[in-house]
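4 protein chains.
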Amino acid sequence: MVVVLEKNISDKQIEDVIKHLEDFGFDVHKSTGVEQIVLGAIGVKPDFDTRKVKILDGVAEVYRITDPFKLASRTFQNYDTTITIKDVTIGGDQVVVMAGPCSVESEKQIFTLAEAVAKSGARILRGGAFKPRSSPYSFQGLGEEGLKLMRKAADEFNLVVITEVMENAQIELIQEYADIFQVGARNMQNYSLLKELGKVDTPVMLKRGLSATIEEWLMSAEYILSSGNKNVMVCERGIRTFETYTRNTFDLSSIPVVQKKSHLPIIADPSHAVGLRDKVIPMARAAVAAGADGIMVEIHNDPDKALSDGPQALLPEQFFDLMKQAKLIAEAIGRTL
Amino acid sequence: MVVVLEKNISDKQIEDVIKHLEDFGFDVHKSTGVEQIVLGAIGVKPDFDTRKVKILDGVAEVYRITDPFKLASRTFQNYDTTITIKDVTIGGDQVVVMAGPCSVESEKQIFTLAEAVAKSGARILRGGAFKPRSSPYSFQGLGEEGLKLMRKAADEFNLVVITEVMENAQIELIQEYADIFQVGARNMQNYSLLKELGKVDTPVMLKRGLSATIEEWLMSAEYILSSGNKNVMVCERGIRTFETYTRNTFDLSSIPVVQKKSHLPIIADPSHAVGLRDKVIPMARAAVAAGADGIMVEIHNDPDKALSDGPQALLPEQFFDLMKQAKLIAEAIGRTL
Amino acid sequence: MVVVLEKNISDKQIEDVIKHLEDFGFDVHKSTGVEQIVLGAIGVKPDFDTRKVKILDGVAEVYRITDPFKLASRTFQNYDTTITIKDVTIGGDQVVVMAGPCSVESEKQIFTLAEAVAKSGARILRGGAFKPRSSPYSFQGLGEEGLKLMRKAADEFNLVVITEVMENAQIELIQEYADIFQVGARNMQNYSLLKELGKVDTPVMLKRGLSATIEEWLMSAEYILSSGNKNVMVCERGIRTFETYTRNTFDLSSIPVVQKKSHLPIIADPSHAVGLRDKVIPMARAAVAAGADGIMVEIHNDPDKALSDGPQALLPEQFFDLMKQAKLIAEAIGRTL
Amino acid sequence: MVVVLEKNISDKQIEDVIKHLEDFGFDVHKSTGVEQIVLGAIGVKPDFDTRKVKILDGVAEVYRITDPFKLASRTFQNYDTTITIKDVTIGGDQVVVMAGPCSVESEKQIFTLAEAVAKSGARILRGGAFKPRSSPYSFQGLGEEGLKLMRKAADEFNLVVITEVMENAQIELIQEYADIFQVGARNMQNYSLLKELGKVDTPVMLKRGLSATIEEWLMSAEYILSSGNKNVMVCERGIRTFETYTRNTFDLSSIPVVQKKSHLPIIADPSHAVGLRDKVIPMARAAVAAGADGIMVEIHNDPDKALSDGPQALLPEQFFDLMKQAKLIAEAIGRTL
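Protein chains in written order, with our numbering: chain A, 1 to 337; chain B, 338 to 674; chain C, 675 to 1011; chain D, 1012 to 1348.
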């Protein structure tokens, strides 16, 4: 931590600030410049609340000089994390594609879509069985029945399954059927859930909260990692801004930022970010071009009748076209898909 | 729902849009203007996804014409909800004050602060026993021991207790000790928790999420109301914006907006909104002047040593001064405090 | 400037960073901690682009330790600036009130409103003669004719005049008629205009840009101050956020922040911040309670027929009621109005 | 405009609202639904302030049903605008590349960089002669000397010149030397400048304001178009959000949105959006993949010594590599570069 003192600070105040810092457990170094004195406070715990120093008399500014996350940081692990499920590796040279419906609705629907996913060359089937909905009056998912159908369809077409977990009580059940847990944006700071997911080995994909900074998002990943589960990937899905033409603003620059700060794989979900089918295709291409380790795309064979989020789902043919373009783009930047 | 059609739409396309609307269950009225055709689609369920219509060929814009919340709406109940706990009424003419430490830390601390709260004339004691912390390495609260101490202190000084609940598994325990449940900003869309809190009678104060629109916030209140608990109040605590000098931006205009849209009482929490003691006092005064039904303020007798959020806590003497000013302001606008 | 080096930096890289800093003209102090090395770079010019250091190999973080503004800063001048025009002082104990229509529309209109302003006890008449409108098809103001009418009405009722200046070519003309220049939010970073306004003595009220940080806003004030005009006040008028129920989000916490950082008076404009009449009253009261040095309020005797912004204008009677409440609130916090 | 009435509205109030609408010049159609009455108000001018209706008694919501811009709209012109300067066409199948330094600094610098631009295959040279700087103490550009150097270098290497215009007084001068005017983000709503640029034929590239909605941005384009200049293109350069790791948030989804709403070409500027060299490359690729009609990239041969924005400039070799990848990506989506 670096503590910048005010220009007109008295000697008594300087002593006082130093005393406080020492009481907080820091080792203090003082540098006297021409105009201003700067204190270096060494030995900070990552969670020290710097405002404790900011409010002391004579303190102008305080800067934390270490990232608050450790296990998620590239300083801690300087090679990329890879997560392998069956024969699919996430975080390597190959860009992975996760596709499927927003919600599992019926056996027919999920089999049709799983077939389309497999046919396109993608290897991961997404689908919701428990749905977080902003209205209590909306369709809330098929529950365990949805999980069973998804597993069956995935096995038929040799796919890996990812699905959302919303509360601690669902972990055990979902683990029976799915290969990857998804934590939704609204639960990014549901710490009780994150800690429980840290106690299993099943990989977890953590979506970014709607107004989460990249730092907070990686701190939430830290909750899972520090509880013991190292198989964590993160997923950009749009942030909330003043713009209203799109559902959210897809923050693609988070991809190179996360890759610099952290060793965890990063997936991008254009479907939730923009919310309308005709914007999903260019944004999915952009995510691959920006260097994402994978993309997650919603597809539906009959989106008009979809029980949730139909308008953002691609039709299978649109998805096949997207896969062809995405493959060429991945190759243009030295990766495969 | 109002559906505006594109200027150059063909007759075939118009028929097609109408057919879709009827299939979705709407009764359709067509108004032909000089330049444009507008369809009124009557009979919409509050959770209908308007994007289903927005993506149809020939559709220019779609507007939902009803608020998505019902029970929380002033259209449903046109008088103000009041919540009475012991002899304290929230939502009436009197502005209530909730004060206390961020976290309960010890018997001595909570008794000292409860005494200060009572002495100031405030009647509600706040304090955290289970703390949501963005770092897994931070102090997580005293748990049940904290609840016991807070109840004991409140009873000694005839105060009402409010404390945060973070997960379903804590509801029963907290109910034994507290009078009001607080749902934190990070859990505003933890629907599983909201539904469980709808099954009890204990009042619930629902904080606004960091990036929640007022509409989403009232939708979350709707989750609790629709599960059966009518004793709901909401709490503004700042939203996330680009400004970095303050922790969050305290959206005081949400107070008159919520009061117009809804019958639920609205409390304001300047401590979390601005995050630094010297800004808390003017913002607490502003909240009363803006018409809040109550304010929630963090206080601490030894903020330097506070285990969480010390820098935003007022000292007891500052709090007494604030209470005097706030009383005069309440009177200036025809209320009491 | 403080430069934090990466943990695994080589000696060669350290030397290299120091060499760069010296080439940029800094005096460098090195502090070696247990885990990390921190360099203090003394002698920075306020406008040094810290990213030049951030991109050097081995650099983890860079912090500027001085505010980029000087003349606007409380470090430079530790007493409050007051601006006196005729017998009205802005920035002292008395909270000033600026009121009037959005646009000057006719002699009758401006005289009626000037009379209402005077009757209420307010002393400053606002009104637009040149209007910045987001649509090229909207009413653009009466121009010089509007200025003349406003001056005449102000003189009749012994009021001070404030009006908006939009471009360099208008400065001389407006100066003949008005006592205070207003720079609108959209021109907050029109540096060419700011520099010209720095060359006159007439007071300037600088509105905060819709997405300006407080730092940028004070930097824009610095442009005027550094060109020679010391009579500068700033005006909070709402920032842009994701919330859509209100036109903008009124950032009242900017009031105590500016008062801590700067010696310049700060005015608050609730009319533009919230955009609808029934929200203006509580927000005007809140601004006074938050400690603003003045408020600016739009009023209109026939808002339905107003040529611009009628919906946010108070009726004269509403304004009189507001003045009574605001006076009591000012007194509650030890000021007058 | 669609006006939704409140559920409990009286007949007298309904009449009153209709009377107001007619007085505003609308032709009113009334549709009575089961629960609610909706009025269609036909004949609206694009700049009508809908808040005038929103504040009437008995009105629940008001929706404008036409975009406020006309000439910029795809409804007005359903084919893409193309702008041809010498042998370079913007807005066609070919993705154009604009590159060069932030500021022109010397003859040697601009010739070196113009050569690099030409060698890469790009055809448009960018460079600033008049610089808008947030600090009055920063380098403000070489002025006319910079314009001369840029023209000379461009002619030597057969390039088109784009440079920023900051005020009306510069238009004539810049027109002598440059082929395209650039309007910076801070001037997006400098209406006086926009109108003047509408009176010339020289193409104008209008950057999006930091907190401008897409609608406001197209409204500003409308100012230029409605004053007579049809050669307008727009440029996405990042918006302001709560995220602080990047300078701004590059809103790539504005590309497909603008292409759907408008016929004007859209360029993307990743250098200003992200602000650090290592994030510029992936974001430039992403912009091409998202379908931008062009990209604008800052390059510098000696970025350490650049007088402005050095840290976001690519080195020539990085730029050559980017061009190769961008070419492949353009081809992947059926375009050339």
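Honestly, I wouldn't trust all of these hints.
What the hints assert, rightly or not - Just the calculated beta-carbon pair ranges, DEER-fashion:
| hint | chain 1 | residue 1 | chain 2 | residue 2 | range |
| --- | --- | --- | --- | --- | --- |
| 1 | B | D394 | A | K260 | 38 to 46 Å |
| 2 | A | F111 | D | K1041 | 31 to 39 Å |
| 3 | B | D394 | A | E156 | 31 to 39 Å |
Quick caveat, the hints were computed from the structure, so don't treat them as lab data.
Where a beta carbon is used, it is the ideal one built from N, C-alpha and C, also for glycine.
Hints versus structure:
1. As the Cβ distance of B:D394 to A:K260 is approximately 43 Å, the hint placing it in 38 to 46 Å holds.
2. A beta carbon spacing of about 50 Å between A:F111 and D:K1041 contradicts the range 31 to 39 Å that was offered as a hint.
3. The given range of 31 to 39 Å is respected by B:D394 and A:E156, whose C-beta atoms sit roughly 35 Å from each other.
In the structure shown, a violation is registered for the earlier hint numbered 2 alone.
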